[in-house]
Amino acid sequence: MTSILLRPRKLFKVPIEASAISPDNFAAARKVEEIKNQVVWEGNRPATLASIFDVEELEQGGELLEIIIEGDASKLRGVGKGMGSGTITVEGNAGIRLGEAMRGGTITVNGNVGSWLGSRMRGGRIEVSGDAGDYVGSAIRGSTRGMSGGQIVVRGSAGNEVGCWMRDGMIRIGGNVGQFAGVHMLGGTIVIEGSSRGRIGASMKGGRIVVLGEVGRVLPSFSIEEIRNVARVGEDRIPGPFYVFAGDLADDGDGRLYVSKDRNLELRFYESYIE
Amino acid sequence: MKVIVVTGRSIAQGRSKESKFSDEYARAAATCEVDPEDLSTLGVKPGQKVKLTTSRGSVNLFASVSSQSPHRGIVFIPFGPWANSLMDAETDGTGMPTLKGMEAEIELAAEDEVLGLKELLAKNLKERGRT
Amino acid sequence: MNVENVIKGVVCPFCGCCCDDLEVTVRNNEIAKVENACALGRAKFERWNEGRIVRPSIRSDGKILETSFAKAVERSARILYDARYPLLWGWSCTSCEAQKIGVELAEEVGGVIDSTTSTCHGPSIIAVHDVGESSTTLGEVRHRADLVIYWGCNPLHAHPRHMSRYSVLSEGRFRKRRGERKMIVVDVRRTATAKIADEFIKIEPNSDYEALTALRMCLKGEELEQESIAGVPSKKFEELIDEMVGCQFGVIFFGLGLTMSAGKSRNVDAALSLVRDLNSKTKFVIVPMRGHFNVTGANEVFAWQTGYPFAVDLSQGYPRYNPGETSGVDIATRHDCDAALVVGSDPISNFPLEAARNLSSIPIICIDPHETATTSVSDTVIPSAIVGIEAEGTVYRMDGVPLLLRKLIDPPEGVSKDTEILEAILNEVRRIRGGR
Amino acid sequence: MELLIKNGYVVDPANGIDCEKLDIAVRGGKIVEEVSSSAKILDASNMLVMPGGVDIHSHIAGSKTNLARVLRPEDHFRDFERRTALTRSGVGHSVPSTYTTGYRYARMGYTTVIEPATPPLKARHTHDELNDTPIIDKACFPLFGNNWHVMEYLKNGDLELCAAYLSWMLRATKGYAIKIVNPGGVEAWHWGGNVVGLDSEVPHFGITPREIVRGLCKVNKMLKLPHAIHVHPNNLGKPGNYLTTIKTMECVKDLAEGASIHITHCQFTSFKGEDWSTLRSGAQEIARYVNRNDHVTIDMGQIIFTATTTMTGDGPFEYILHQISGRKWVNKDVEAETGAGVVPVVYKRRSFVNATQWAIGLELALLIEDPWKVYLTTDHPNGGPFTAYPRVVSWLMSKRARERTMSRMNQSAARKTILQSLEREYSFEEIAIVTRAGTAKALGLKAKGHLGVGADADISIYRINPKEIDPSRDYRAVRKALRRAAYTVKDGQIVVKDGEIKEVVQGRTFWIDSRVPKDLEEKIHRELSKSFREYYTVGMENYFIGEGELARSSPIYVGEAKV
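First to last, the sequence lines map onto chains S, B, G and W. Using this note's numbering, the first residue of the first sequence is number 1, and each one after it goes up by one. Using this note's numbering, the first residue of the second sequence is number 1, and each one after it goes up by one. Using this note's numbering, the first residue of the third sequence is number 1, and each one after it goes up by one. Using this note's numbering, the first residue of the fourth sequence is number 1, and each one after it goes up by one.
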C-alpha cells in the first residue's frame with residue numbers, strides 16, 4: 001500500500017482546481033517526485049503540488065494507493081475527480097465537487113464538504129462525517145446524468161437538491177436536508193434520517209426517498225398509496241411505519257416517498273385516501 | 001411580531017437609484033411598507049421608525065402604510081443596502097441570494113436612528129480588514 | 001448659442017422594456033425634455049447629471065485622491081494582473097460592445113465574468129437548462145394574447161409601459177380592445193398591478209412551487225388531495241387551468257417573485273414545465289421580466305463568445321460554468337476572489353451584507369457614471385459616460401430583440417466611454433505582461 | 001504580400017482543371033497570372049489543392065443559435081478550446097461559440113459559410129455574432145416565408161410593392177438571399193397550428209404556401225438576386241413528405257430561367273411511408289425529378305450517428321420532435337415574421353428511423369447525376385456538427401466506407417434502402433464541386449469557389465496526393481487529411497498550417513444592396529413608415545441596420561430591379 005500525505009503549506013485565498021489529486025493520477029505517476037510535479041490551478045495560475053502542499057510518502061508498497069489530506073482543504077475543488085480505485089482521506093473540511101464523476105475507490109472526510117459532492121458519480125464510496133452542501137450526487141447543469149452508482153454517506157446535514165437527476169446508487173444523509181431532495185430523480189435510493197425543508201421528490205420519475213424525520217408538506221403531485229411497516233434498503237430493513245406516496249404525477253413519475261408516519265402527524269388526513 | 005420580508009423594485013427607488021447618496025434615495029430605500037392592520041397591531045404610526053431583525057442582521061427603517069395591501073405578515077422593503085442588511089447571502093447552489101421570503105422580527109424602534117447611506121456603510125462594513 | 005433639436009425613436013436605457021419611441025429634446029448639450037417615457041425612464045434622462053463622478057480617483061492608505069485617467073488605468077491593470085482569481089461583475093447597464101471587451105479582459109487576466117443576471121433571472125436560465133422554454137417576442141403577445149398572467153412581478157413599478165406597449169393595454173392585429181383580453185395577477189400582496197387586473201390570486205410567500213405544481217396536476221386531470229394549496233382553495237386552480245386551456249393564446253410573464261423566493265430555479269422549472277405542457281392543449285408562451293435594459297445583452301454576448309450566458313470562469317484559460325460555484329454572490333460570500341472590477345453596477349448595495357462585506361475587503365476597481373456605495377469603498381474609480389445618453393451601443397430587449405442606443409449629448413469633460421476605459425485597461429494589462 | 005503555391009495537384013472544376021500539377025500565383029488577396037521572384041513560396045508537392053470550402057447552409061450565428069448555446073451547457077462541457085497567444089478560448093461540439101466556429105472551419109479549409117435562417121427583426125443579433133466569427137467570409141439569409149407584409153402584398157397581387165418591400169428588407173437586414181421555411185406553417189403555429197401542404201390556406205391571411213413560394217420566386221427574379229429562393233418545404237420531418245417537396249419544386253417550374261429554387265437539407269424532406277414504422281427513402285423520386293429538371297438545386301442535410309442539436313425556423317416541427325423524443329424544447333416565435341425551435345437529439349445506429357435518414361442523405365447525393373445540382377451539408381448542427389464533413393466525403397468517395405457504417409447500423413433499415421446497390425464513388429473533382437465550386441456558383445459568389453485569375457485567393461491545401469491515393473480503399477486517409485488542412489489561405493494570407501491557426505483575419509459579410517426604381521422605393525418607404533409600428537413593437541428607424549454595424553461590410557450591387 002503506497003500512501004501519500006498532503007498538507008497545505010498556507011491558507012489558500014483563492015479556489016484550487018485540484019482534480020490532479022486522485023489515486024489513479026498518483027498511481028500513474030509512481031515516483032513521489034513525479035507526484036510532486038503534478039499540476040493544479042491556484043486561481044488562474046498553474047502550480048505544482050509541491051509548491052502549495054507538503055508532499056510526503058508515508059509508506060512505499062504495492063498497488064493500492066491512499067492519499068491523505070490534512071488541514072483545511074475547503075478551497076480544493078474536484079479532488080478525486082473520475083477516480084477509479086484507491087482511497088482519499090481528508091482530515092478537515094473539503095471543498096466543492098469532491099469525488100466528481102468517481103468510478104470506484106473510497107473517499108472519507110472527517111469534516112464538512114462543499115456542494116456537488118459525488119456529482120455524476122458512477123461507483124465507489126464517499127463518507128463524510130460532517131455536513132455537505134447542495135447538489136449531493138447531482139448531474140451537471142443541463143444534463144440528466146446524475147449519480148448512477150456507488151454510495152454517498154453524509155453523517156451530518158446536506159443542502160438543497162440532494163440527488164438531483166439521480167439515476168442509481170445510494171445516498172444516506174444522517175442529519176437534515178434542505179428542499180427538493182430527489183428533484184428530477186430517475187432511480188436509486190435516498191435515505192434521510194433527519195428532516196427535510198419540504199418539496200421532496202419534485203418532478204421525480206423513479207427511485208425511492210425514505211425520510212425518517214419531518215417532511216413538512218408533501219407536494220400536491222404525490223398521492224398516497226399505502227402504509228408500510230418497513231422500508232427495505234439494500235440489506236437493511238428500516239423500521240417504519242411509513243406513509244408511502246407515489247409520484248411525481250405532474251411528470252407522470254413512478255417514484256416512491258417513504259415518510260415516517262409518527263414524525264409527520266399532520267399528514268394523517270391522507271389516510272382517508274388510502275383505498 | 002414575526003413577519004416575512006420581501007424585497008423588490010419600487011418606482012420611488014427606481015427613480016433615485018442613480019443618485020445613491022441623495023436624501024430621496026434614502027427615503028425611498030430606507031422605508032418599509034407594512035400592512036395597515038399589522039401597523040396598528042404593532043402600535044406604529046406611519047413615518048415612525050421600526051427595527052427589523054433576521055438571522056443575518058438588523059436595520060432601522062421608516063414605516064409606511066402599504067399602498068399595495070392586504071399582505072398581513074409581509075413587510076416589503078425596496079431593493080438596496082438597507083434591505084440587504086437583513087437578507088441571506090446563501091444561494092442554495094443557484095447563485096441567487098434569498099432576497100424574498102425571509103423570516104424576520106419587527107418592532108417599534110423608538111429612539112435609535114434610521115442611518116443614511118454613509119453611516120449605514122460605515123456600520124455594516126466597519127470590520128473591513130484591508131488585506 | 002441656443003441649439004435645440006428633438007431626437008425621435010430614442011431607445012430608453014432603464015428597464016428590459018427598451019421602449020424605442022421616446023422623444024428627447026437636447027439643448028446646449030443638456031437633456032431639456034423627454035416625452036413618451038415612463039416615470040423611471042424620465043428620471044434616468046432628466047436626472048442624468050446628478051451624483052456624477054467626473055475625475056478618476058485612487059485610494060491610497062485610506063485617502064481618496066483624484067488622479068489622471070492614465071494613472072487610474074495603470075493602477076486598475078496592475079490590480080487585475082496581480083490577482084489570482086479576479087471577479088468582473090456588473091455589465092447589465094452597459095453596451096454589448098463594452099461587454100465584449102469585458103469577456104476579452106476576463107480571459108486575459110484569468111478571472112470570472114458574471115453579470116447581475118445571477119441576482120435577477122439567473123435561476124430562470126438554470127431552469128431553462130433542464131426544461132427549455134416556450135417563448136416569443138413581445139409583439140406576438142400584443143397581436144394575439146387573450147390571456148395574460150403576471151406571476152410574481154409588478155410591472156406598474158418595475159416595467160411601467162409593459163402593459164401599454166406589449167400586453168393588455170396595447171392594440172394588436174387580432175386584439176383591438178382591452179375587453180378581448182383577460183389579465184390575471186398572482187402575487188403575495190395586492191400590488192398596484194394586481195389592482196388593475198381582471199383577477200388577483202393571492203398566494204402565501206415561498207409557495208409558488210406548490211401553486212404551479214397544483215396547476216400542472218389539474219392540467220393532467222389529476223385530483224388534488226389537499227383542500228387548499230399555497231393558501232388558495234384547490235378549486236381555484238381547477239378554474240384557472242380551465243381558463244388557461246380555454247384561451248387561444250396565453251402568456252405568463254414572471255418576475256423575481258419566482259427567482260428570489262424559496263425554490264428559486266425550481267420555481268421557474270415548474271412554470272416552464274406548466275407552459276410546455278399547456279402547448280398540447282393550446283398556444284402558450286412564457287417570458288421573463290428582465291430588469292436592466294441590457295442584462296439580456298450580457299447573456300447573449302457571454303453565450304456567443306464563451307458558450308455560457310453568465311457566471312463564466314475563464315481563470316484556467318477556457319470557459320467553465322457552474323452557477324452556485326462561479327457566480328458573483330457565492331464567490332464573494334466564500335471569499336474566493338482577491339480583486340474585483342465592477343462595471344455599471346452597485347454590488348455593495350445590492351449584495352446581501354455578508355457578500356458585500358467580503359467584497360469591500362478586497363481591491364475593487366469601479367467604472368460608473370455616478371457615485372455609489374461601491375465607488376465609495378473602491379480602490380480605483382473611473383467615471384464613465386452614460387450608455388444611451390452620452391454613449392451609443394447595442395442592447396437586447398427582455399425578449400432578445402436587438403436595438404441601438406444612441407449618443408444624445410457629450411459626456412462631461414474628460415469622461416470616457418466604457419469601451420474606451422476597458423480597452424485601455426486591457427492594453428495596459430498586455431503591456432505589463434510584455435505584450436502578446 | 002505575394003505568394004506562389006508550387007507543384008500542387010490543382011482541382012478547380014469551375015475552370016475545368018482536374019488534378020493537374022499547376023502553380024497558383026497570389027497577390028493583393030487575389031489570384032493573378034504570375035508573381036515576382038520575391039514572392040513567398042509554398043511547396044504543395046504531392047498535395048491536393050482546391051479553392052477554399054464554401055458552405056451553403058450552416059446555423060452558426062444568430063438568436064436561434066444562441067438559444068441553443070444557452071440550452072446546452074452539457075454539450076459544451078466535454079468539448080472546449082483553451083486560449084492561445086493567437087486564438088480566443090471557446091466551446092464546441094454541436095453549438096460551438098463564435099470564435100471556435102471560425103477557427104474550426106478554417107482548420108478544415110473552409111473560407112466562406114452561409115448562416116441560412118435569420119429572423120429579420122433580430123438580424124442585428126446575427127451580424128453581431130458573424131462579426132465575432134473570425135477568418136471566414138459569411139452572409140445571412142433573412143426569413144420571408146411567413147412575413148406578414150409579404151403574405152399581404154402577394155394575396156393582393158401587389159407583386160411590384162412586394163419586390164420593393166423585399167428590396168428594402170435586404171438592405172435593412174443586410175441579408176443575401178430570400179429564405180423560406182415551412183411557408184405559412186409557422187404563422188399558423190403562432191396559433192398553435194400548422195399547414196398540411198402546399199395548398200392549405202394560412203389562417204387569417206387567405207393565401208396558400210404555393211402562392212407564397214411562387215410569389216417570392218417571381219420577386220427573386222425581379223430583384224435579379226444572385227441566389228435562388230432557399231426553401232425549407234412544408235411537412236419537413238413527416239413521413240410521406242417527399243410528395244410535398246416535389247410539388248414545391250414543380251410549382252415554380254414555369255417561372256424558371258436557370259436555377260430558380262434551392263431545396264435545403266433535402267434529406268429531412270425526402271421521406272416516404274405513412275408513419276415512422278413504415279418510413280422509406282423517397283430519394284429515388286426526388287433524384288429523378290432533379291435529374292430531369294434544371295431549375296432545381298438541393299443540399300443534402302446528411303445525418304451523422306452522434307449526439308447533436310436540432311434548430312430550425314420551423315417551430316411546429318421542433319414541437320413534434322419534442323413530443324416524440326421527450327427532450328427539452330425551446331420555442332421562440334418572432335412577431336409578424338417567423339419562429340424558431342431547438343431540441344437536442346441523438347442519432348443512433350440501432351434506430352430504424354435514424355439509419356433510414358442516414359441512407360436517404362447519401363442516396364440523394366449518389367442518385368443525382370449532376371454534382372453541380374447537389375451540395376454537401378449536414379444542416380449543421382441539425383444532422384451533425386460541420387466538423388463531420390470529412391466523414392461525409394469518405395462515404396461519398398468509398399463504397400467500402402458506406403458498407404462499413406451500414407454493417408453496424410439497423411439492418412432492417414439497411415435492407416429497405418437501395419444504398420447497398422449503389423456503386424457510384426465520387427471523384428475529387430466531384431467533391432470539389434459539391435463543397436466549393438457548386439455552392440459558390442449557386443450562391444452567385446463569382447470570386448469564390450474557383451482558382452481562376454481574379455478570384456479571391458481563398459485556397460485549401462490537403463496533405464494527400466490525389467494521383468496516388470485510392471479514396472475507395474484509403475477513405476480513412478482522405479478523412480484524416482480533410483480534417484486538418486495542410487494550409488488554408490484566406491485573401492492570400494496563410495491562416496492555417498497543419499491544422500493550426502497561424503493568423504486571425506476578419507472575414508467579409510456579403511449582403512445585397514438591392515435597388516428598385518425611385519418612385520417605387522419612395523412609395524414603399526412611405527407605406528412602411530405609416531404602418532410599421534402597427535406590425536412591430538419597434539420603430540422603422542430602429543429596425544434598419546447601418547452598414548457600420550458590420551465589421552467588414554461587403555455589399556453586392558445587382559443593378560436596379562426589372563419591375
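Incorrect hints may appear among the rest.
[Said to hold, decoys possible] Below, a list of computed lysine-lysine pairs in the BS3-like style, where the Cα atoms sit at most 27 Å apart:
hint: 1; chain 1: G; residue 1: Lys281; chain 2: W; residue 2: Lys446
hint: 2; chain 1: W; residue 1: Lys21; chain 2: W; residue 2: Lys221
hint: 3; chain 1: G; residue 1: Lys235; chain 2: G; residue 2: Lys195
hint: 4; chain 1: W; residue 1: Lys155; chain 2: G; residue 2: Lys176
hint: 5; chain 1: S; residue 1: Lys13; chain 2: S; residue 2: Lys36
hint: 6; chain 1: G; residue 1: Lys202; chain 2: G; residue 2: Lys235
hint: 7; chain 1: W; residue 1: Lys467; chain 2: W; residue 2: Lys21
hint: 8; chain 1: W; residue 1: Lys21; chain 2: G; residue 2: Lys33
hint: 9; chain 1: B; residue 1: Lys118; chain 2: G; residue 2: Lys63
hint: 10; chain 1: W; residue 1: Lys21; chain 2: W; residue 2: Lys518
hint: 11; chain 1: S; residue 1: Lys205; chain 2: G; residue 2: Lys281
hint: 12; chain 1: G; residue 1: Lys63; chain 2: B; residue 2: Lys123
hint: 13; chain 1: B; residue 1: Lys2; chain 2: G; residue 2: Lys202
hint: 14; chain 1: W; residue 1: Lys446; chain 2: W; residue 2: Lys30
hint: 15; chain 1: G; residue 1: Lys63; chain 2: B; residue 2: Lys126
hint: 16; chain 1: W; residue 1: Lys247; chain 2: W; residue 2: Lys416
hint: 17; chain 1: B; residue 1: Lys45; chain 2: G; residue 2: Lys195
hint: 18; chain 1: G; residue 1: Lys8; chain 2: W; residue 2: Lys518
hint: 19; chain 1: G; residue 1: Lys202; chain 2: B; residue 2: Lys45
hint: 20; chain 1: W; residue 1: Lys238; chain 2: W; residue 2: Lys221
hint: 21; chain 1: W; residue 1: Lys523; chain 2: G; residue 2: Lys8
hint: 22; chain 1: S; residue 1: Lys36; chain 2: S; residue 2: Lys10
hint: 23; chain 1: W; residue 1: Lys21; chain 2: W; residue 2: Lys446
hint: 24; chain 1: S; residue 1: Lys13; chain 2: B; residue 2: Lys45
hint: 25; chain 1: W; residue 1: Lys224; chain 2: W; residue 2: Lys253
hint: 26; chain 1: G; residue 1: Lys63; chain 2: G; residue 2: Lys182
hint: 27; chain 1: W; residue 1: Lys530; chain 2: G; residue 2: Lys176
hint: 28; chain 1: W; residue 1: Lys446; chain 2: W; residue 2: Lys562
hint: 29; chain 1: W; residue 1: Lys247; chain 2: W; residue 2: Lys155
hint: 30; chain 1: W; residue 1: Lys348; chain 2: S; residue 2: Lys205
hint: 31; chain 1: W; residue 1: Lys502; chain 2: G; residue 2: Lys100
hint: 32; chain 1: S; residue 1: Lys13; chain 2: B; residue 2: Lys2
hint: 33; chain 1: S; residue 1: Lys205; chain 2: S; residue 2: Lys261
hint: 34; chain 1: G; residue 1: Lys182; chain 2: G; residue 2: Lys100
hint: 35; chain 1: G; residue 1: Lys8; chain 2: W; residue 2: Lys530
hint: 36; chain 1: G; residue 1: Lys220; chain 2: S; residue 2: Lys205
hint: 37; chain 1: W; residue 1: Lys6; chain 2: W; residue 2: Lys348
hint: 38; chain 1: W; residue 1: Lys6; chain 2: G; residue 2: Lys407
Hints were generated in silico from the structure; no laboratory data involved. None of these values were measured; they are calculated from a predicted model.
Do the hints match the structure? See the list:
| no. | hint | verdict |
| --- | --- | --- |
| 1 | G/Lys281 / W/Lys446 | violated (50 Å) |
| 2 | W/Lys21 / W/Lys221 | violated (40 Å) |
| 3 | G/Lys235 / G/Lys195 | holds (23 Å) |
| 4 | W/Lys155 / G/Lys176 | holds (23 Å) |
| 5 | S/Lys13 / S/Lys36 | holds (21 Å) |
| 6 | G/Lys202 / G/Lys235 | holds (14 Å) |
| 7 | W/Lys467 / W/Lys21 | holds (10 Å) |
| 8 | W/Lys21 / G/Lys33 | violated (72 Å) |
| 9 | B/Lys118 / G/Lys63 | holds (16 Å) |
| 10 | W/Lys21 / W/Lys518 | violated (52 Å) |
| 11 | S/Lys205 / G/Lys281 | holds (23 Å) |
| 12 | G/Lys63 / B/Lys123 | holds (19 Å) |
| 13 | B/Lys2 / G/Lys202 | holds (20 Å) |
| 14 | W/Lys446 / W/Lys30 | holds (13 Å) |
| 15 | G/Lys63 / B/Lys126 | holds (16 Å) |
| 16 | W/Lys247 / W/Lys416 | holds (25 Å) |
| 17 | B/Lys45 / G/Lys195 | holds (25 Å) |
| 18 | G/Lys8 / W/Lys518 | holds (26 Å) |
| 19 | G/Lys202 / B/Lys45 | holds (26 Å) |
| 20 | W/Lys238 / W/Lys221 | violated (31 Å) |
| 21 | W/Lys523 / G/Lys8 | holds (22 Å) |
| 22 | S/Lys36 / S/Lys10 | holds (16 Å) |
| 23 | W/Lys21 / W/Lys446 | holds (24 Å) |
| 24 | S/Lys13 / B/Lys45 | violated (49 Å) |
| 25 | W/Lys224 / W/Lys253 | holds (17 Å) |
| 26 | G/Lys63 / G/Lys182 | violated (58 Å) |
| 27 | W/Lys530 / G/Lys176 | holds (18 Å) |
| 28 | W/Lys446 / W/Lys562 | holds (21 Å) |
| 29 | W/Lys247 / W/Lys155 | holds (20 Å) |
| 30 | W/Lys348 / S/Lys205 | holds (24 Å) |
| 31 | W/Lys502 / G/Lys100 | holds (23 Å) |
| 32 | S/Lys13 / B/Lys2 | violated (39 Å) |
| 33 | S/Lys205 / S/Lys261 | holds (23 Å) |
| 34 | G/Lys182 / G/Lys100 | violated (41 Å) |
| 35 | G/Lys8 / W/Lys530 | holds (15 Å) |
| 36 | G/Lys220 / S/Lys205 | holds (16 Å) |
| 37 | W/Lys6 / W/Lys348 | violated (44 Å) |
| 38 | W/Lys6 / G/Lys407 | violated (53 Å) |
The structure is inconsistent with the numbered hints 1, 2, 8, 10, 20, 24, 26, 32, 34, 37 and 38, although it conforms to all the rest.
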